[in-house]
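Enquirer: Here's the letter readout for the chains.
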Amino acid sequence: MSVGLLTSVALAAGAAQAAGGHAVAAKPFILTEHLPILIVVIPLLAAALTAMLRNGRVAWAISLAVSWILPILAVMLILQVEEKGIISYALGGWAPPVGIEYRVDIVNAFVLLIVSVVGAIAMPYALRTVELDIDEPQRAWFYAIYLLALTGLLGMTITGDAFNIFVFMEVSSLAMYVMIAMGRDRRALIAAYQYLIMGTIGATFYVIGVGFLYVVTGSLNMADIALRIGPAFAESSPPVMAALAFIVVGISLKLALFPLHVWLPNAYAFAPKFATVFLAATATKVAVYILLRFYFSIFGSAISLTDLPITEMLLILSIAAMFIASVMAIYEDNIERMLAFSSVAQIGYITLGIALANKSGVAGSVVHLMNHAAMKAALFAAIGAILYRVGTARMSELGGIGRTMPLTMAAFVIGGLSIIGVPGTAGFISKWYLGVGAIEHGWWVVAFLIVASSLISIIYIGRFVEVAYFQPVSEASEKGSDPPFSMMLSIVVFTALTIYLGLDTAWSGQLAEKVAAVLVGGLAQ
Amino acid sequence: MQALDAIVQNYNYAITVFLMVSGLYIVIASGNMIKKIVGLSLFQTSVYLLYISAGKILGGTAPIIDRNYTIYSNPLPHVLILTAIVVGIATVALGLAIVARIHEEYGTIEEDEIFKETGL
Amino acid sequence: MKLDLILRVTTKAILPFILLFALYVHFHGDYGPGGGFQAGVIAAGMVILYSIVFGVEAAQRVISQRLVATMVPLGVLIYGATGVISFLYGANYLDYGVLGHDSKHGHHLGILLVESGVIITVAGTMTAIFYAFVQRGR
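Protein chains in written order, with this note's numbering: chain A, 1 to 525; chain B, 1 to 120; chain C, 1 to 138.
One or more hints might be untrue.
[What the hints assert, rightly or not] Taking CB as the label site, the calculated pair distances span:
no. : chain 1 : residue 1 : chain 2 : residue 2 : range
1   : A       : Leu489    : C       : Pro16     : 56 to 64 Å
2   : B       : Ala14     : C       : Tyr24     : 32 to 40 Å
3   : B       : Tyr11     : A       : Trp507    : 52 to 60 Å
4   : C       : Gln65     : A       : Lys84     : 48 to 56 Å
5   : B       : Val21     : C       : Arg61     : 44 to 52 Å
6   : A       : Gln510    : B       : Val8      : 57 to 65 Å
7   : C       : Thr70     : A       : Leu489    : 47 to 55 Å
8   : C       : Lys104    : B       : Leu58     : 29 to 37 Å
9   : C       : Tyr24     : A       : Lys84     : 46 to 54 Å
10  : A       : Pro28     : B       : Tyr11     : 56 to 64 Å
[To be verified] Chain C residues, not near chain A, derived (Cβ > 10 Å throughout):
no. : residue
11  : Ile6
12  : Ile18
13  : Tyr31
14  : Gly34
15  : Phe37
16  : Leu49
17  : Arg61
18  : Gly83
19  : Val84
20  : Tyr96
21  : Ser116
These are computed hints drawn from the structure, not numbers from a lab. Each residue gets a CB set at the ideal place from its N, CA and C atoms; glycine is no exception.
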């Protein structure tokens, strides 16, 4: 932010005051004080603006500018949090816990960084794919809806108010349903409809749970609830238990925990290519963050969760996800659906870390949020590029695609190695933390199962690699060539990120351990 | 008898549970996409009642400060539910819009027929 | 359409009153029951009544689809911009207290501005939903 702009803003304020003759003392506008709200308001206003202008190219340019500003704000927030501790921003000047509070600590600053960085890297990819997927009259609306989805995801992450989470959750979800329904394939409509039904049930379950919490604690501010829930639980435990059950099930629908994942494969497979990349890397991650928040920071602070069957439930469902979804991925011919099932399996690893509930396990979950975002974005972007050039994502038709689209397939292989968890890639780091967490917990079998499930992913990734490199070039693959520069840029950056996060763990690992310490620390209190 | 008394006295919660369960049942059991949306809407409505029940204080009046009254109802649940109603409208409108598009594309809104056709 | 003379005449007669009522609800929203949301729905109800009686084409000559599609984001912009004005006075987002010469007037003005955004968006959205559904399947 240039000094010139700041001065002009201050000047405008001064001028407005002189004209109005207001008695209120002028306090200059200081950007760094308003970071928490700016990260939500900028995409919101940009969404309205793009919808007003109704020009696809202009809308893309605005979205690009916004998507590149947001990571800067997110980094500034992380630096502020590291320097000064928790940031609290009272909306409308109403002090918390009465008013809505935006509360940033290291946990959600980290998630904000993931979401905003994914948006920034994916944006160049949108230019060409949206031109192919969406007709011109709707393009500006599509970008407006993308910005609304971004607003919702960032808002869910940053807010400290439990009901505000519901509102932002629905903003982002509604935007996502629309994005998916705009896919070219007519099955996209069915996918969007299924997601709408499941997503709304999930959100309603969540809001029922928050209602119970409000009845017993009289507060909606999450920090305040965490303080009051202990005495409330001691007085009467059934409503708190009901709240826990409703919230966990509701959020599990949103994050596609194993038996509740039915909406996910179709949604990812038939959405416009850009939407798939963005959603696969962000939507479920933010839902996981909400689960972490409620599980550890709110319920964990009052109830000994290890005494409840919820830990075992999470553990069993996570392991079921890791194995069953991986096996389903093996039998899938459509590569996008295969990767979507792989996402369900990867979410299993994330929830496994939550079930472990020790520092290494949770650090594994947290670091996997970031690593999985990077590698799944790289994989879906690569497949999107193949779809863009060849028009099909059926494995049986894509023989020899590795020879006609070498760079794209190289990116796919690196992303695939990361899914398997080969050392040197991001996926290895997550699995390492999870394995250590399982052993620390004394669950040797679980550590073994983590390795065993990775072996299954070798099969489905290897199957496509074999088709792409060792089969003769098929009719469809002959049309292939590496995609335009703007798309290649996103693919290369996502892939580079996957390798970087696998090699240099000093930064990401430390951050994840700090985040885990805050979360598990809440559990220990 | 005591259990019955408890239900009659907390009739608002009984209605909430009835709406919630019947709404969810329609969503799961019906194969008609419009009926599913109706069920979803019913399910959301039950939540409105749950919140409003919590906001009612017996003998309380509208929360506008007045010398003649000392007991006020809690206004916050009403505000929350106003927001939830808006969210509900948006969801239902979008759901119906998608169903309208599905009908244009497939010529039917019965789930089993569509699944048979697409093999999803 | 020629036979329902009474319907046509009464519709024309009550249209201005519906709009007036919408504005009443809007401007009394900060002190009495009502506000931009309810007012927006009432105003959209006026357009819907008109198009049911006189046909959508007639309604769209007055309130075009382009106008409706502009109203939806415009209201959001007004709402968001009201919040941003608070920044210029150094207050937090949506803190209306600083807009007037005292906190009470500031809140009055702030609520009115925000509600103006709401009425525009809600009226636009409701009309847009109606137009979208009514033009399907023709």
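Enquirer: If a hint holds in the structure, say so; if it does not, say that too.
Expert: Consistency of the hints with the structure:
1. Leu489(A) <-> Pro16(C): 56 to 64 Å: holds, 57 Å
2. Ala14(B) <-> Tyr24(C): 32 to 40 Å: holds, 39 Å
3. Tyr11(B) <-> Trp507(A): 52 to 60 Å: holds, 58 Å
4. Gln65(C) <-> Lys84(A): 48 to 56 Å: Since Gln65(C) and Lys84(A) have Cβ atoms about 50 Å apart, the given range 48 to 56 Å holds.
5. Val21(B) <-> Arg61(C): 44 to 52 Å: holds, 48 Å
6. Gln510(A) <-> Val8(B): 57 to 65 Å: This hint holds: roughly 60 Å between Cβ atoms.
7. Thr70(C) <-> Leu489(A): 47 to 55 Å: The hinted range 47 to 55 Å is violated for Thr70(C) and Leu489(A), with Cβ atoms some 34 Å apart.
8. Lys104(C) <-> Leu58(B): 29 to 37 Å: Holds, at about 32 Å.
9. Tyr24(C) <-> Lys84(A): 46 to 54 Å: holds, 49 Å
10. Pro28(A) <-> Tyr11(B): 56 to 64 Å: The hinted range 56 to 64 Å holds for Pro28(A) and Tyr11(B), with Cβ atoms some 57 Å apart.
11. Ile6: holds, 41 Å
12. Ile18: Answer for Ile18(C): holds, closest chain A Cβ roughly 27 Å.
13. Tyr31: holds, 19 Å
14. Gly34: Nearest chain A Cβ is 20 Å from Gly34(C), so the label holds.
15. Phe37: Fine: 14 Å to the nearest Cβ keeps Phe37(C) off the interface.
16. Leu49: Label holds. Min Cβ-Cβ 27 Å, cutoff 10 Å.
17. Arg61: holds, 21 Å
18. Gly83: violated, 7 Å
19. Val84: Given a closest Cβ separation of 7 Å, the condition is violated.
20. Tyr96: Not fine: 7 Å to the nearest Cβ puts Tyr96(C) too close to chain A.
21. Ser116: Label holds. Min Cβ-Cβ 14 Å, cutoff 10 Å.
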